[in-house]
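Undergrad: Residue strings, one per chain:
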Amino acid sequence: MIYEKKELPGKVQKIGFLLTGLGLVLVLVSYLVDPKREAFNNVIGLMFFASIALGALVLVALEYLSGAVWSTPFRRISEFIASSLPLVLLFAVPLFFAMHSIFHWTHTDVVSADKILSAKTPYLNIPFFIGRTVGVLALFYIFYLLFRRNSKKQDETKDQKLTKTNVNLSAVFMFFAGIGLTVLVVDWVMSLEPHWFSTILGIYFISATLLAGLAATTYAAVSLNEGGYLGVKVGKDNYYSFGALLFAITNFWAYVAFSQFLLIWYANIPEETFWFIARWEGGWKYISILLMIIRFAVPYAMLLSQPSKSDPKNLKRVSIVILAAHFFDLYWLIMPTFSKTITFSFYEIGFPVLVIGLIVLVFYAQAKKNNILPVGDPKLQRGLDFHL
Amino acid sequence: MDTKKIHSVTAIFDTPDDIIMASQETVKAGYTKFDTNTPYPVHGIEKAMNIGTSYLGYFTLFLGLSGAAFAFAFIYWVAAIDYPLIIGGKPFFSWPAFIPVTFEVTVLSAAVGTVGVLIAGLFKFPNNSHTLHDTDYMKKVSSDKFGVCIVSIDPMFDEAKAKSFLQGIGGKDIETIYEPERKTINAFEPKFIMGLILIALLTAGATYFALNKLVFMQPFTWMAEQNKLVPQSKNVMFGDGYGMRTPVEGTVARGFTPYEFKGMSDSAVKNLSNPLPVSKQVLAKGKEKFDSYCSPCHGYYGKGDSRMNGQFPNPPSLHSDKVTNWTDGNVYHVIVNGQNVMPSYAKQLSKDERWSIIRYIRVLQRSQNAKDSDVEGK
Chain A
9 MIYEKKELPG KVQKIGFLLT GLGLVLVLVS YLVDPKREAF NNVIGLMFFA SIALGALVLV
69 ALEYLSGAVW STPFRRISEF IASSLPLVLL FAVPLFFAMH SIFHWTHTDV VSADKILSAK
129 TPYLNIPFFI GRTVGVLALF YIFYLLFRRN SKKQDETKDQ KLTKTNVNLS AVFMFFAGIG
189 LTVLVVDWVM SLEPHWFSTI LGIYFISATL LAGLAATTYA AVSLNEGGYL GVKVGKDNYY
249 SFGALLFAIT NFWAYVAFSQ FLLIWYANIP EETFWFIARW EGGWKYISIL LMIIRFAVPY
309 AMLLSQPSKS DPKNLKRVSI VILAAHFFDL YWLIMPTFSK TITFSFYEIG FPVLVIGLIV
369 LVFYAQAKKN NILPVGDPKL QRGLDFHL
Chain B
-3 MDTKKIHSVT AIFDTPDDII MASQETVKAG YTKFDTNTPY PVHGIEKAMN IGTSYLGYFT
57 LFLGLSGAAF AFAFIYWVAA IDYPLIIGGK PFFSWPAFIP VTFEVTVLSA AVGTVGVLIA
117 GLFKFPNNSH TLHDTDYMKK VSSDKFGVCI VSIDPMFDEA KAKSFLQGIG GKDIETIYEP
177 ERKTINAFEP KFIMGLILIA LLTAGATYFA LNKLVFMQPF TWMAEQNKLV PQSKNVMFGD
237 GYGMRTPVEG TVARGFTPYE FKGMSDSAVK NLSNPLPVSK QVLAKGKEKF DSYCSPCHGY
297 YGKGDSRMNG QFPNPPSLHS DKVTNWTDGN VYHVIVNGQN VMPSYAKQLS KDERWSIIRY
357 IRVLQRSQNA KDSDVEGK
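One line per chain: the protein sequences are A and B, in this order.
Every number in the working numbering is 8 more than the matching position in the first sequence, counting from 1.
If you count the second sequence from 1, position 341 lands on 337 in the working numbering, and the numbers rise without skipping.
Next up, chain B with everything else stripped away, as it sits in the complex (with noise of 0.2 Å):
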């Protein structure tokens, strides 16, 4: 027994109020390393112990606040910055319906963040082979005991000394606490190393389980097998087993408006006037999309040079007195229902896209007739 080395000297007390005392004059006697041991927290024990005020509290207070910053700018940056949506007619950045949230990860933070420190910073994870563990002293003072233990670092530590001291101050079963003989181990013994193997496989079979299984099967798929109409599905709803319903006739599509005189003669739309003003950007528009879709067969100046290489016959040139003297009205006509060869442009221009072209074509037919007075000097 000489050669184990002494870890502690412990004494037990059987109420708060006396394992406060025993704390004081354990303080008063000098001694600095000594800890108690209680089956619950006893309150104003820290100051007895003149160990001052736990710092846990701090981390608690700025996890707490650092988990609700994070959350409600978590939320608003989901919310109102990238992928916005309306919910309810509501602002985008609503803060009342954030706070629910926020309380909730607060206190998540907070709790978590609090028993991290406890583990990481003040129990000095990983140490889950304390001497005091095991012993009959632990046992008493993790049921209905409270305990005092001086521990042999402290520097007026003398182990008939303490237990007289302990004595004198009323403890009971008084006992000195021995260090454990520890037993060296070597990383590369064949049980470690199967052991270690055996985890990874198990870690893995599980991990490959849950991921590709386990979610494909009853009841967690319920969410996913929805009684539903899919787009381009078969479905058994209706007689014909499409999901996708045709629209009904006379159904129009958001934006759009029809065109009143489609399949009439010309002399019906002459009156039709443009309703674009005459501007930069509306020429601008007219001049992107004249070249887009009138310039292959037309020629980007509309002299009917076409770039379809015979392919499709050359239409005439639209600086002819004809076109010349057609209202906007008719060749808005021509765009929309198509003339001779030339099909319809309804679907790939819009209202305003075939104005502005009309706008942009006035243009390049005064280009390609003009007189002397529209140059500048003259």
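Bound-form chain A, shown alone (with noise of 0.2 Å):
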């Protein structure tokens, strides 16, 4: 197969800079405003793009570890989404200064005149946190690198045993992604409210994860398909493989979602259940119900037949109702720790737009340096003609 690389419209990298200027300055104007509020938004905005940019990375290794052939022609997508992990780090910066104002376990006098809070310092510590959050981005950045390097060296060289190497490495990653992506959800926003505990949390965010990379990736995949970019046109049963993991995980999703309700709700313990009372009163039980609707309803609505999930449009329509619903999951997991009742301004809006501007912005960086179809891969052929 002879690949010839298409550059991608300019249009896309003016909407980048169009959408991250945007943001940028919602963001500035809202630090200046209330820098408390924007905190917590800065944590909403750390999340949503850590888990788009992770959640891609995870897609890559599944794909190494699966065998799977269906999505080769469209790794690099998620690859150039993956890439924008050190920017991830750029947004944690500024919480780093503002922990004060967001975590009430950072105040020692709080701290010393809790028993409980006293009893998890070993843990919960200025140092250490950092320590956490700066070491599992690093570490994913070192595993994406190494995806890469090896992935960029197999278009020319076309060498097999590349894919075995990368098949490994995906091995080693998994386990360090598990417990990564849990150490960052605890941290981030388990740590909030910092008497209440879920072991379920982890998987909930990594669910999430997963989701949110999807969904990217997805988005991205059928507009450079339909829109000729990839060089060849991949068919249906490649839309049909993305539809069908949507569905599933936004199954897996609601099911993680819900057990971790029921547990709660059916044991009926105080130290438990008030992050769910939080959740459901002061105007938040609307966000609660949003979320089941928009987050799983529609989803599973809109994917549940069959030609719906190989259909184009639905796709792109269905990948930007599951952003939008991460987005609001991440409001609803951090946002009532701010205000007891509900609200929602131009303060939350600043950093989701300043998250997508910066991954369309990489996305075509990107694309313009490297090939979009990973053209040494012994799979893509298997994954061109790929069929159910």
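If you are wondering where the hints come from, they were derived from the structure by calculation, not from laboratory data.
Among the hints, a few may not be true.
[Claimed, not checked] The following label-pair restraints were derived from C-beta to C-beta distances: (1) E234/A / G166/B: 24 to 34 Å; (2) K166/A / K29/B: 42 to 52 Å; (3) F89/B / H203/A: 23 to 33 Å; (4) S109/A / Y36/B: 57 to 67 Å.
[Stated by the list, open to error] DSS-like cross-link-like pairs, simulated, lysine-lysine; straight-line CA separation at most 27 Å: (5) K0/B / K135/B; (6) K293/A / K86/B; (7) K324/A / K43/B; (8) K135/B / K157/B.
[Stated by the list, open to error] So the derived list for chain A, only partly shown, Cβ under 8 Å to chain B, looks like this: (9) Y248; (10) F266; (11) F269; (12) L270; (13) W273; (14) Y274; (15) N276; (16) E279; (17) Q314; (18) L396.
Built from N, CA and C at the ideal position, the CB exists for glycine as well.
Got two chains here, each in a separate frame; can you build the complex from them with the hints?
TA: See below:
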């Protein structure tokens, strides 16, 4: 197969700059008006960015591990999205300075008066916290660089052994991905309410991460393929696999989310239930109900029938719904700590816009430098001829 | 061979792409009664064969939804209407607890129902001897090949033409499949009858064994044989061998208040006052209980006209000056403790019932010593 590289239209870059600029202005204005509130939004932005970038990286590893061929023509797209990982750390930097206004376990007087919090200090202290976040993100980035190096080398050498190397790398990476994502969500979400605990929150975030990375990849892959930027036309059965996987992970998310709720609701122990009560009172119940609808019911209905799973327009629509729902999920996880009553205004818009703008820019830059198809991958031809 | 009826003409193809192409070509050639056989589901084949989408999905959807509705409604009926139990301090209608079972039943009914519809509806059960079974063609297409089969009921079927057509589109191993000779089976054949009887005996025996023997064997009895206290049966846990224990001294039943003047003299209770108001309800209750427990000896009007026919000494009238002048507390004391030959009624009558009887006795006394002013209009 002869691959001819086709440049992405400059429009993409323009949209990226526009969104980044708009997001940056909104974020800066918000930081000036209400720094505490914007710090909480910064946490949402950080988690939103991290989950899209890391989700894409997990997908790359998942493809190597499972030996999937249908996604091989789109693997570069996931890699491009994952290449924004260093920027994720950039989002965490302002928070390291604002930790005092977000995490009440950073207040020494509060901690010393509280037996439970004092017992948690070996884990919940500022140096270790920063070290964990930086360490986890750095570790993921190292894995990304290794994947990329092998993948790029393969474009030229067409060496099949490099695939084997990446498969082994994926197995190691998966182990750290599970732990790393759990550490991230425990640090940035659970420690907002340091008295609260839920052992399933790690899986909850992992499922959300996979869904976010997959939705972003699906949107980009379908857009590029429909526009003919892959150089070859990839068939409907690859689309169907995207739809089926989105459908499966949507169900998985709902399963995990409901499990978390059911166990806490059933046991009815005050130190666990207060977290859900905070997400039901003061108008937060509208977001709780909205989540059930847009995070589960709507994607479920949109992806249920067989033709809808391979319809490119539907896939693009459902990806946007899932990403929007993912933002609201994080908003629901994080903001009730900031405010007992529901608040939503321009403060909340800045970060998601900025994140999407940055991802578009990074994607454009990467697509300019690299082949969009992994031309040296031995699985590529099978992926292009893929049949269910 | 010529006498045999032709069932179909078949051809083998190598890849899923070929079979889709072959289906499209067959449709284009005008054949309507043909089928394709593949070792696994080939997506898009229904479109290539021009047979429309299968309606099986709608059955699955319907079965799943009705399973969900049934499970949810059934749990609701059990938990909130028919047998409401408070579990974990939750309301009877605790929908989150219903969701897991609803989910399971949804999946179960959708999956089992779909298989049922497939077998009964789409496979036209019972149909266990399709002509294509046991042919070389079927052996190939059920392992790694893809086949097209043009059936002879097609209006434009012609063996030679169909064969050359399949050859033309690249089919291999083109064959003609003949209908097998069908044997007629006699339902009264002794072998068949014997078989039925054997099956009946085996089924009956197995059922008898399972229901009458198996469930009383270990380990199926492990649930029943529990090392626990059973009331009114022998137990080795306590020295006296009784499972039931006597309550601790001074134990009081729920809702029961002990009578603090038990066995004391009348004078101690004179000052007890009746806690119940004079109301229609109290008097009705008092009349009901008086008629049940007091009237057999004291008579319906408290005149001492016993219905016991001398089996028991007649009590004095309740309308005597002595009883009329008694305080309510005094009467109460007598009801609880008894007097002379009258036994205690503490066991039969609750506290409120005793006090309402006293209200009623006062009414009886007034009715027997009515004044002129009591009569309306005077």
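Undergrad: Given L270/A as an interface hint, is the shortest Cβ-Cβ distance to chain B below 8 Å?
TA: holds, 6 Å
Undergrad: Between S109/A and Y36/B, does the C-beta distance stay in 57 to 67 Å?
TA: Roughly 59 Å apart at Cβ, these two residues keep to the hinted range, so it holds.
Undergrad: For a C-alpha distance cap of 27 Å, please report whether K324/A and K43/B respect it.
TA: This hinted pair holds, its Cα atoms lying about 24 Å apart.
Undergrad: Holds or violated: is there a CB of chain B closer than 8 Å to the CB of N276/A?
TA: Nearest chain B Cβ about 6 Å off; hint holds.
Undergrad: Quick check on Q314/A please, does its C-beta sit within 8 Å of some C-beta on chain B?
TA: It holds, given that the least Cβ distance between Q314/A and chain B is near 7 Å, below 8 Å.
Undergrad: Grab the minimum C-beta distance from W273/A to chain B and call the hint holds if it beats 8 Å, violated otherwise.
TA: holds, 5 Å
Undergrad: Classify the hint on F269/A as holds or violated, based on whether any CB of chain B lies nearer than 8 Å to its CB.
TA: holds, 7 Å
Undergrad: Does L396/A pass the interface hint, meaning its C-beta sits closer than 8 Å to a C-beta of chain B?
TA: This hint holds: L396/A lies near chain B, its Cβ roughly 4 Å from the closest one there, short of 8 Å.
Undergrad: Given Y248/A as an interface hint, is the shortest Cβ-Cβ distance to chain B below 8 Å?
TA: The hint holds - Y248/A has a Cβ within 8 Å of chain B, the shortest such distance being about 7 Å.
Undergrad: Hint validation: Y274/A versus chain B, beta carbon distance must be below 8 Å. Holds or violated?
TA: Holds, about 7 Å.
Undergrad: Does the hinted range 23 to 33 Å hold for F89/B and H203/A at CB?
TA: Distance hint for F89/B, H203/A holds at roughly 31 Å.
Undergrad: In this structure, is the beta-carbon distance linking E234/A and G166/B contained in 24 to 34 Å?
TA: holds, 32 Å
Consistency note: the structure conflicts with earlier hint 16 alone.
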